[in-house]
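**Student:** As they're listed, the protein sequences go chains A and B. Taking full-length UniProt numbering, the leading residue of the first sequence gets 1, the next gets one more, and so forth. Taking full-length UniProt numbering, the leading residue of the second sequence gets 1, the next gets one more, and so forth.
If you're looking for bench data, these hints aren't it; they were derived computationally from the structure. Please read these numbers as outputs of a predicted model, since none were measured by experiment. Note that CB positions come from ideal geometry on N, CA and C, so glycine has one too. One thing to keep in mind: the hints can contain errors.
Said to hold, decoys possible - Listed next, with one range per pair, are the computed distances between beta-carbon atoms:
| hint | chain 1 | residue 1 | chain 2 | residue 2 | range |
| --- | --- | --- | --- | --- | --- |
| 1 | B | Arg56 | A | Lys144 | 20 to 26 Å |
| 2 | B | Lys85 | A | Gln163 | 14 to 20 Å |
| 3 | B | Lys157 | A | Gly148 | 18 to 24 Å |
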Amino acid sequence: MSRSAMELDFFGMEKKLSPPPKPSSFERRRSFRDIQGVVSKINPEVLKTVIANGSFGLNKSGSVPCTPKEDTAFPSLPLHDSTVRQNCDPKKGTETAPMTIFYNGMVAVFDVSPDKAQDILLLAEEEVKKPAESSDSKVTSDQKNILGTLNGDFPIARRQSLQRFLEKRKERSNMVEPYGCPNKHFNFGHMIFS
Amino acid sequence: MEDLIVSSSSSSSMLSSSQENPATTLQQKLQYILQTQPQNWTYAIFWQTSKDDNGRIFLVWGDGHFQGITKHKVHKSGSHPQRKKVMRGIQALIGENPDGYGPVDGDVTDMEWYYVMSLAQSFSLGDGVPGKAFSSGSLVWLSGENQLRFYNCERAKEAQTHGMQTMVCIPTTNGVLELGSDDMITENWNLVQQVKLIFDSSGINGSSGQIISFSDIGVVTGFQEEEAKAKK
């Protein structure tokens with residue numbers, strides 16, 4: 001998998017085919033130092049985000065993955081561990097393709113599924129957003145509830161109620177009320193004591 | 001209350017037409033209740049009983065009326081642009097004529113939002129304030145923020161966080177009437193009586209219950225008050 005462009009294999013992808021049983025501490029230190037050198041030049045926040053959202057984040061919590069289930073006896077370097085699992089995931093079934101990222105003079109290559117690639121691209125486009133207020137996510141789930149019920153059982157009553165509500169809302173916003181609430185007792189008040 | 005004698009006169013009744021669409025009648029009942037109370041109630045929702053596939057009874061949206069906020073209060077709902085988007089989406093979905101109501105203007109207040117979200121709710125027996133009212137057959141009257149917050153029901157908590165200070169559930173023959181207000185309103189038996197009279201189908205005529213003379217309702221409850229005064 002050698003390419004013409006300079007490529008830093010700091011995730012150890014070349015090694016994935018034959019994982020060594022237990023790298024000696026010396027090797028570990030060396031590869032760690034290499035990685036450290038590269039990583040230190042990348043904005044840690046970006047790196048964390050990319051790792052968490054890329055194919056390496058196979059566990060859903062988005063944290064940098066911990067030890068895999070199989071006993072690979074790999075060192076606990078998070079960057080190392082992930083590579084073993086990456087293409088072994090039988091669940092995904094989606095094709096992964098290499099994604100090359102040039103950042104600030106550094107290059108990295110990841111194997112990602114199309115979905116993940118899109119996520120990463122979207123992430124890169126927007127700035128790292130402040131987390132939206134939690135009510136927004138609730139709003140969208142509320143919206144789904146409403147829309148679901150409008151199409152499901154009992155749609156008619158709900159639709160009518162909604163239409164009436166929107167109509168009245170419009171009336172209210174158009175109304176000028178110099179004397180308070182003219183609606184009160186308007187329709188039925190005169191009926192009561194007739 | 002059981003001794004009430006109600007004469008169903010045929011005079012000046014808005015609802016005496018037998019061709020009246022029941023859904024319209026329910027709406028009129030809701031509006032009547034809201035508009036004839038001296039206190040300011042923000043909304044009324046009628047939860048109707050229905051049966052699920054296993055034959056179990058549950059409560060689902062029947063109809064509602066949102067009366068609105070009293071003008072002298074300033075409600076700090078804050079700006080929620082997401083809500084407007086949702087409302088517009090809903091508006092488009094129910095196929096509204098764009099020339100009809102026009103776009104959703106202004107911010108959607110907490111209470112309006114709470115009302116709209118209620119459309120999607122349903123309650124099994126004993127579940128939530130409406131479910132509890134229906135299964136026990138007794139009135140639930142929560143007034144004040146603390147009562148709403150600590151009633152052990154999600155809906156009551158949501159009502160409180162969306163501006164309500166009072167929430168009432170009155171069980172009737174075929175459902176539960178829920179009333180809510182941003183004012184603090186203490187228990188008012190008059191209101192409960194009126195609701196029972198209007199919504200209980202076995203009350204007035206014994207037939208479909210659709211035919212009610214509103215003029216009679218006022219007379220009847222007025223009669224009650226006089227009796228009470230006389231006893232003092």
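**Student:** State for each hint whether it applies.
**Tutor:** Going down the list of hints, with the structure as the test:
1. Remark: the range hint 20 to 26 Å for Arg56 (chain B) to Lys144 (chain A) is upheld by a beta-carbon distance near 25 Å.
2. Lys85 (chain B) and Gln163 (chain A) have their C-beta atoms about 19 Å apart, which keeps the hinted 14 to 20 Å range intact.
3. Lys157 (chain B) and Gly148 (chain A) have their C-beta atoms about 23 Å apart, which keeps the hinted 18 to 24 Å range intact.
Violated hints: none; the structure is consistent with every hint.
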